Amino acid sequence: DTAVSQTPKYLVTQMGNDKSIKCEQNLGHDTMYWYKQDSKKFLKIMFSYNNKELIINETVPNRFSPKSPDKAHLNLHINSLELGDSAVYFCASSQRGKASGELFFGEGSRLTVL
Amino acid sequence: AQSVTQLGSHVSVSEGALVLLRCNYSSSVPPYLFWYVQYPNQGLQLLLKYTTGATLVKGINGFEAEFKKSETSFHLTKPSAHMSDAAEYFCAVSEDSGGYQKVTFGTGTKLQVIP
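So the protein lines, in turn, are chains A and B.
For the first sequence, counting from 1, position 63 maps to 130 in my numbering; every step adds exactly one.
For the second sequence, counting from 1, position 69 maps to 150 in my numbering; every step adds exactly one.
I should point out that these hints are in silico values taken from the structure, not numbers from a laboratory.
If you're wondering where the values come from, they're calculated on a predicted model, not measured in any experiment.
Beta carbons are placed, not taken as given, at the ideal position from N, Cα and C, and that holds for glycine.
It cannot be assumed that every hint is accurate.
[Unchecked claim] Distance condition first, Cα-Cα at most 27 Å in a straight line; then the derived DSSO-like pairs of lysine-lysine:
id	chain 1	residue 1	chain 2	residue 2
1	B	183	A	108
2	B	183	A	138
3	A	111	B	183
4	B	191	A	107
5	B	150	A	111
6	A	103	B	183
7	A	108	B	139
[To be verified] The following residues of chain B were derived to be distant from chain A, with all beta-carbon distances above 10 Å:
id	residue
8	86
9	101
10	144
11	149
12	150
13	156
14	164
15	166
16	169
17	196
[Said to hold, decoys possible] Some chain B residues close to chain A (C-beta under 8 Å, calculated; not the full set):
id	residue
18	123
19	130
20	171
21	183
22	188
Use the sequences and the hints to build the structure in full.
Here's what the structure looks like:
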């Protein structure tokens with residue numbers, strides 16, 4: 068049973084389209100994250116939610132809109148996709164106050180914008 | 082603001098040789114430090130972590146790291162490399178951000194193991 072699962076694993080789409088990535092965790096954690104990993108493997112945090120509340124919002128274009136319907140789910144919707152959005156997007160979770168920020172990652176969703 | 086520097090984006094070792102991956106950090110408060118490993122087409126998984134206490138920490142797959150405050154380093158080592166160790170390794174630092182832990186990753190080091 069996968070702890071942090073993301074769907075879809077691969078997306079290929081045209082510029083200007085809108086796409087969504089879903090994430091679910093069954094670890095009972097209260098905090099979830101979206102990270103972007105570029106082609107050089109650099110990992111940058113985008114958003115973090117704690118119990119459905121947005122707590123970290125890095126400098127990300129407002130075309131990216133996260134949504135957390137409950138603490139076990141964090142989805143990412145991207146409008147008007149651009150070439151530079153091509154990357155691997157990782158969902159992660161952690162428990163606030165525990166393990167000092169240890170993160171549990173999903174397997175990633177590879178987005179390719181043509 | 083916290084930051085992490087990993088020296089060497091690529092490291093090659095022979096099978097059976099010592100693995101040494103370097104990490105230096107910058108943090109305004111006592112840091113929590115981590116090493117994560119990423120195998121091809123997978124997410125990151127925790128190798129080991131330093132929070133408080135013993136400065137030499139042991140992780141999975143025979144890896145260990147030593148926290149050296151005076152050198153602001155947290156280098157990762159393994160006495161004998163195995164082919165299965167080939168992966169991307171990320172050092173990370175965690176710092177309190179308004180009551181929450183914000184994790185910052187280094188740029189990663191790709192470990193190649195030569196038979």
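Quick rundown of the hints versus the structure:
no.: 1; hint: 183/B / 108/A; in the structure: holds, 19 Å
no.: 2; hint: 183/B / 138/A; in the structure: holds, 18 Å
no.: 3; hint: 111/A / 183/B; in the structure: holds, 11 Å
no.: 4; hint: 191/B / 107/A; in the structure: holds, 11 Å
no.: 5; hint: 150/B / 111/A; in the structure: holds, 25 Å
no.: 6; hint: 103/A / 183/B; in the structure: holds, 15 Å
no.: 7; hint: 108/A / 139/B; in the structure: holds, 25 Å
no.: 8; hint: 86; in the structure: holds, 13 Å
no.: 9; hint: 101; in the structure: holds, 20 Å
no.: 10; hint: 144; in the structure: holds, 16 Å
no.: 11; hint: 149; in the structure: holds, 18 Å
no.: 12; hint: 150; in the structure: holds, 16 Å
no.: 13; hint: 156; in the structure: holds, 19 Å
no.: 14; hint: 164; in the structure: holds, 21 Å
no.: 15; hint: 166; in the structure: holds, 17 Å
no.: 16; hint: 169; in the structure: violated, 6 Å
no.: 17; hint: 196; in the structure: holds, 24 Å
no.: 18; hint: 123; in the structure: holds, 6 Å
no.: 19; hint: 130; in the structure: holds, 6 Å
no.: 20; hint: 171; in the structure: holds, 7 Å
no.: 21; hint: 183; in the structure: holds, 6 Å
no.: 22; hint: 188; in the structure: holds, 6 Å
When the structure is compared with the earlier hints, a violation turns up for hint 16 alone.
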